[in-house]
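*Asks:* Which chain is which? The protein sequence lines are P and B, in order. Just so we're aligned: the first sequence equals residues 1 to 332 in my numbering. Just so we're aligned: the second sequence equals residues 1 to 800 in my numbering.
Honestly, the hints are just simulated from the structure, not real lab data. All residues carry an ideal CB built from backbone N, CA and C; glycine is no exception. Don't take every hint at face value.
To be verified - Across the chosen pairs, the derived CB separations fall in these ranges:
no., chain 1, residue 1, chain 2, residue 2, range
1, P, Gly70, B, Thr775, 45 to 51 Å
2, B, Arg9, P, Asp202, 37 to 43 Å
3, B, Ala623, P, Thr239, 36 to 42 Å
4, P, Asp292, B, Glu382, 51 to 57 Å
5, B, Asp714, P, Ser85, 50 to 56 Å
6, P, Thr271, B, Ala623, 47 to 53 Å
7, P, Thr239, B, Asp694, 30 to 36 Å
8, B, Asp433, P, Glu235, 21 to 27 Å
9, B, Asp433, P, Glu167, 55 to 61 Å
10, P, Ala74, B, Glu729, 57 to 63 Å
11, B, Gly236, P, Asp202, 24 to 30 Å
12, P, Thr201, B, Ala544, 50 to 56 Å
13, B, Asp714, P, Thr239, 55 to 61 Å
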Amino acid sequence: MIETLHSTAAEAQARLAEVADLDALAQLDVEFLGKKSALTLAKRQLGSLAPEQRRTAGQALNQIRAEVEGAVGAARERLARAALSERLEAERLDLTEFRGTARRGSLHLVTQARDRLEDVFVGMGFSVAEGPEVESAWYNFEALNIPEWHPARGSFDTIFVNLGAPEEVMLRSHTSPVQIRTMEKQQPPIYIVAPGRTFRTDTADATHLPAFNQIEGLVVDRGITMGDLAGTIDEFVRTFFGGDVKSRLRPSYFPFTEPSAEFDISRADGTWLELGGCGMVHPNVLRNCGIDPDEWQGFAFGFGIDRLAVMRHELDDIRELVNNDVRFLRQF
Amino acid sequence: MKVTLSWLREFAPGIDGDPNELSETLSALGLTVEEMTPIGDVVDGVVLAKVLDLRAHPRADKIQLVDVDTGDGEARQVCCGAFNMAVGDLIPFATPGTVMANGLEIRQRKMRGEVSAGMCCSGAELGLSDDHEGILVLNDRLVAEAELGKDLGAAIGVEPDVLWDLEVNANRPDAMSVAGVARDLAAALGVDFSYPDFSVGTTGGCTEAEAAEELLTVEILDPTLCGRFVATVLRGVTVGTSPQWLADRLRLAGMRPLNSIVDISNYVMLELGQPNHTFDLATIPDGHLRVRRAVPGETLTTLDGLKRELIANDGVITDNSDEVISLAGVMGGAASEISAQTTDVLLEMAWWDPPTISRTVKRLNLVSEASNRFRRGADWGENIDRSMQRFIQLATQLGATAVQGFVDVAGDTPERAPLAVRSAKINGLLGTDLSAACMARHLASIGFGADVVVSDSGVEDLAVTVPTWRWDTETETDVAEEVARLHGYDNIARTVPRGELAGGLSDYQVRRRLVRQVLVGFGCDETLPMPFLAPGDLLKAGLADNGVTLTNPLVSEQSVLRTALLPGQLKAIAYNQSHRCAQVRFFEIDHVYLPPLADQLLPDEREHLAVALAGFEAPEAVAALDLIERELGLPNVVLRAASPPGLHATRSAEVMVAGRARGVVGEVDPVVLDNYGVAGRVAWLELDLGALLDGPRRHRKYAPVSKYPSSDVDLAFEVPDEVTASAVESSLRRAGRALLTGIELFDVYRGEGLPTGTRSLAYRLRFQAQDRTLTDAEVADVRQACIEAVAARHGVSLRS
Numbered sequence: 001m002i003e004t005l006h007s008t009a010a011e012a013q014a015r016l017a018e019v020a021d022l023d024a025l026a027q028l029d030v031e032f033l034g035k036k037s038a039l040t041l042a043k044r045q046l047g048s049l050a051p052e053q054r055r056t057a058g059q060a061l062n063q064i065r066a067e068v069e070g071a072v073g074a075a076r077e078r079l080a081r082a083a084l085s086e087r088l089e090a091e092r093l094d095l096t097e098f099r100g101t102a103r104r105g106s107l108h109l110v111t112q113a114r115d116r117l118e119d120v121f122v123g124m125g126f127s128v129a130e131g132p133e134v135e136s137a138w139y140n141f142e143a144l145n146i147p148e149w150h151p152a153r154g155s156f157d158t159i160f161v162n163l164g165a166p167e168e169v170m171l172r173s174h175t176s177p178v179q180i181r182t183m184e185k186q187q188p189p190i191y192i193v194a195p196g197r198t199f200r201t202d203t204a205d206a207t208h209l210p211a212f213n214q215i216e217g218l219v220v221d222r223g224i225t226m227g228d229l230a231g232t233i234d235e236f237v238r239t240f241f242g243g244d245v246k247s248r249l250r251p252s253y254f255p256f257t258e259p260s261a262e263f264d265i266s267r268a269d270g271t272w273l274e275l276g277g278c279g280m281v282h283p284n285v286l287r288n289c290g291i292d293p294d295e296w297q298g299f300a301f302g303f304g305i306d307r308l309a310v311m312r313h314e315l316d317d318i319r320e321l322v323n324n325d326v327r328f329l330r331q332f
Numbered sequence: 001m002k003v004t005l006s007w008l009r010e011f012a013p014g015i016d017g018d019p020n021e022l023s024e025t026l027s028a029l030g031l032t033v034e035e036m037t038p039i040g041d042v043v044d045g046v047v048l049a050k051v052l053d054l055r056a057h058p059r060a061d062k063i064q065l066v067d068v069d070t071g072d073g074e075a076r077q078v079c080c081g082a083f084n085m086a087v088g089d090l091i092p093f094a095t096p097g098t099v100m101a102n103g104l105e106i107r108q109r110k111m112r113g114e115v116s117a118g119m120c121c122s123g124a125e126l127g128l129s130d131d132h133e134g135i136l137v138l139n140d141r142l143v144a145e146a147e148l149g150k151d152l153g154a155a156i157g158v159e160p161d162v163l164w165d166l167e168v169n170a171n172r173p174d175a176m177s178v179a180g181v182a183r184d185l186a187a188a189l190g191v192d193f194s195y196p197d198f199s200v201g202t203t204g205g206c207t208e209a210e211a212a213e214e215l216l217t218v219e220i221l222d223p224t225l226c227g228r229f230v231a232t233v234l235r236g237v238t239v240g241t242s243p244q245w246l247a248d249r250l251r252l253a254g255m256r257p258l259n260s261i262v263d264i265s266n267y268v269m270l271e272l273g274q275p276n277h278t279f280d281l282a283t284i285p286d287g288h289l290r291v292r293r294a295v296p297g298e299t300l301t302t303l304d305g306l307k308r309e310l311i312a313n314d315g316v317i318t319d320n321s322d323e324v325i326s327l328a329g330v331m332g333g334a335a336s337e338i339s340a341q342t343t344d345v346l347l348e349m350a351w352w353d354p355p356t357i358s359r360t361v362k363r364l365n366l367v368s369e370a371s372n373r374f375r376r377g378a379d380w381g382e383n384i385d386r387s388m389q390r391f392i393q394l395a396t397q398l399g400a401t402a403v404q405g406f407v408d409v410a411g412d413t414p415e416r417a418p419l420a421v422r423s424a425k426i427n428g429l430l431g432t433d434l435s436a437a438c439m440a441r442h443l444a445s446i447g448f449g450a451d452v453v454v455s456d457s458g459v460e461d462l463a464v465t466v467p468t469w470r471w472d473t474e475t476e477t478d479v480a481e482e483v484a485r486l487h488g489y490d491n492i493a494r495t496v497p498r499g500e501l502a503g504g505l506s507d508y509q510v511r512r513r514l515v516r517q518v519l520v521g522f523g524c525d526e527t528l529p530m531p532f533l534a535p536g537d538l539l540k541a542g543l544a545d546n547g548v549t550l551t552n553p554l555v556s557e558q559s560v561l562r563t564a565l566l567p568g569q570l571k572a573i574a575y576n577q578s579h580r581c582a583q584v585r586f587f588e589i590d591h592v593y594l595p596p597l598a599d600q601l602l603p604d605e606r607e608h609l610a611v612a613l614a615g616f617e618a619p620e621a622v623a624a625l626d627l628i629e630r631e632l633g634l635p636n637v638v639l640r641a642a643s644p645p646g647l648h649a650t651r652s653a654e655v656m657v658a659g660r661a662r663g664v665v666g667e668v669d670p671v672v673l674d675n676y677g678v679a680g681r682v683a684w685l686e687l688d689l690g691a692l693l694d695g696p697r698r699h700r701k702y703a704p705v706s707k708y709p710s711s712d713v714d715l716a717f718e719v720p721d722e723v724t725a726s727a728v729e730s731s732l733r734r735a736g737r738a739l740l741t742g743i744e745l746f747d748v749y750r751g752e753g754l755p756t757g758t759r760s761l762a763y764r765l766r767f768q769a770q771d772r773t774l775t776d777a778e779v780a781d782v783r784q785a786c787i788e789a790v791a792a793r794h795g796v797s798l799r800s
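All chains, please: the whole structure from these sequences, using the hints.
*Replies:* Quick look at the structure:
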């Protein structure tokens, strides 16, 4: 009997090795391991054998059954693997056929430049202050030590509006009014930058816009020196433009700072590019805001934001910044 | 301000060296070099030649054949494209082998078959004038020993020179003169500066026996207007052409030579910074002048022929009948102008109150070289006498004779008591450690009086006397700037302030950035149109026409300030549609300018957010609002039925946040779209972002996540159109109370099977308790409560 079973098992293993689908496997399972299979019938007959024979035959029977069960399991696993690989093959995709339909929008170049500048100055310990774009003569000029008759007023090419007395209300010609508003609200120490839109009666062309963006810095604290101003600008320039870029200060004139300077940054070819103006806050400006210039000193600086965006992306026409052409906006 | 090296050297012969280094020094002094031009540097190989013959070119009519003699008596033939020479003319000639300033090498060659052995040169080609057209004819310009064939520079006595165009700041009236620039540069270079002797005797000019005081009387009626008025008379003046050297210098300085008197006037102003005025003495009865402010309504016809109406601020000079003859410091009168017939000239130099001049210049828009100097503060000191002498010296060289002395009348000159300057304050401001003596040396080098004063406690400070040519310099801080300039800004050690404050963005600024990022994630491109509108743009957008207007706009299309972001966005959409980009998704965060609130001077300026979705319907705008609401944690956002101006009457709502109207959402009115030439629909959201960022926000308190299973219930109601979905939702929420943890409107259906004017709203409600698994009975109860609440509040039943 055992011999017969051995050959049955061999047959089962041979057929299981070739079984091609799960249905056939199920049939073989029934055929070789089911209730009517030779193995099951043989197990039932064990009881009729003598104890000594029963033990030997039982062991052999269990071993044969385990072999067949193992073969069924292996066949099932083989079929599952084949089915999976067939499914995977059926699901094959060429991913290069697809483009996402969800499009992320873009931040405006000026916002990107402004955010970068704010982040650099925040890292240097500054806060960000803002103010209105329509200003009074007090904030735009007088508090900044630019009296009504001052020749510098003409150089601002101010745009006025139909509010108040003639030339009393204007579109701010610089971000410096925010200095005054900040100092009026807050006693030193003050460390702020003030980004924002400013206005001049400039006809729009490739390099000018009547409305453009500047950023202004103001520090008022005890013992602030011109060395601090030069050092702060230098640190900003190295952080923003990269470690190789140097800065220098040249004497200049602004009514609201004394001493005043222009600051330049070095270009790769060894020449200098004028970036903005700066200086030590004029004592009259501090006094106008109720700050004692013998107790507190400060510096201020300012420069254009749009121009940095123009330089960074090599724009050849600044009007692109306000045209809102989506073919332009989506490039950044 | 344009200056040449040779002119500067007349005041400081020690100024010398590499022009590029001198440029750097000038810039470091605050006299920024805008342009540096080498001049008169005639290249080797250009010689003096004489025109022997002029012939037509046989095969060309744009060029002619010229025979020139370069000193050896032989005729060299060249082809030349200019036709302004005559036989016998002396001209500059570039011999073969010459490399011109532009790099062009002159070679013998043939032009249309004719030999051309060199080149006749224009003034521009040699850097001697700006004439590119004709050949430079030198007949009148040669020095005595000029010979044919001689190097051109030697033949016409031109020395190589350098022309600088300097940017002079408004606080440096002194640097609006050659002498002033020379003083600064000499100080920086450590070389001597001095004025040449300008007295008439030095040049052999004649003087009359009579004295100025016998001929002229001057009265200053308003001393606040005029600090000093100096005048004299020149007799026997011939108004003619200026000498070449003088005309050349004026040209280089950017002024056009006119006639000898005007040219001398300009020359003295450029050289010494003192504007001056000449009257035809014959037009001044009794030689009597009065200085006062104008009486409103007085008029003067100025030199430019325009009749000017005067106001009380204006300074005027009047004659003995009190008739206005000149607008003080700004422009002379036509009636007293020097003419070809003038023989006797009244020469006037004065110091005018800068604010007065500045106001008149601005009101009449009469900017001139003279008024630019007066309004920045000219020199009221010795420089006036020096300039008088210089004028007289130059005029007498041209044959005029001067009378004895000047009339010199004083008004109020600026107070210039010595300034007490604390050396510690200067060092504290600059971040330097300079001794008082060092500061004094710097100041003295540019003409400041500076004495070291030692206090009882041994502190060395300064007593500083500001020179009369620095009107703008009044305070200790002004002096600090001078010390810094001379010390050198680059020599100040760089430090970084040790502030104790932490920097950072405000909560407002951080959240504004988040809103931008959310909208970028929503697929929107940020736009930043300029805030100007054209008149009528607001009306076209269905908005009130109440924008603040510009009083001096450049173009009328940009003459109104926006009160809303809608018009700008519609323009942007129309622009893109006209460039074949129909579906654009834009957002903008920027200022709008509402009319001033009561008792306010400035507009009610706010920061708005707009989302414009072209090619999308209203729900897309609501989706944007939902994102912002979540991001900002806006409390209690309700869409209130409304027809906001400019928006679609039946597809828009007002956005209420915590009970306040904060914006609008929906679609743009089709009529408005039509007005702006926008095709298709535009979903629109505009919020008063500033108010939202400043306003309350939801407190996001932790809610524990339930560990128990939830049950979902779907309910569809047949709801009349006039009942809003949000009203039904709020009824459901109220009825579901704490057990209702989720609500989703998953289907809206209109059409077959439903009465007109109603729609089916299908909600999926999720019920869940924190402390137990809900029983079927509990779910059934709360479901029933929801159905009943909707029925009771809206008269609406479950869809059967």
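*Asks:* If a hint holds in the structure, say so; if it doesn't, say that too.
*Replies:* Do the hints match the structure? See the list:
1. Gly70/P x Thr775/B: 45 to 51 Å: holds (49 Å)
2. Arg9/B x Asp202/P: 37 to 43 Å: Roughly 39 Å apart at Cβ, these two residues keep to the hinted range, so it holds.
3. Ala623/B x Thr239/P: 36 to 42 Å: Hint holds: Cβ distance 39 Å, inside 36 to 42 Å.
4. Asp292/P x Glu382/B: 51 to 57 Å: violated (39 Å)
5. Asp714/B x Ser85/P: 50 to 56 Å: violated (41 Å)
6. Thr271/P x Ala623/B: 47 to 53 Å: holds (52 Å)
7. Thr239/P x Asp694/B: 30 to 36 Å: With a Cβ separation near 31 Å, Thr239/P and Asp694/B satisfy 30 to 36 Å, so the hint holds.
8. Asp433/B x Glu235/P: 21 to 27 Å: holds (22 Å)
9. Asp433/B x Glu167/P: 55 to 61 Å: Violated, at about 46 Å.
10. Ala74/P x Glu729/B: 57 to 63 Å: For Ala74/P and Glu729/B the Cβ distance comes to about 59 Å; the hint holds.
11. Gly236/B x Asp202/P: 24 to 30 Å: Hint violated: Cβ distance 51 Å, outside 24 to 30 Å.
12. Thr201/P x Ala544/B: 50 to 56 Å: violated (27 Å)
13. Asp714/B x Thr239/P: 55 to 61 Å: holds (58 Å)
Against the hints set out earlier in the document, violations occur for numbers 4, 5, 9, 11, 12.
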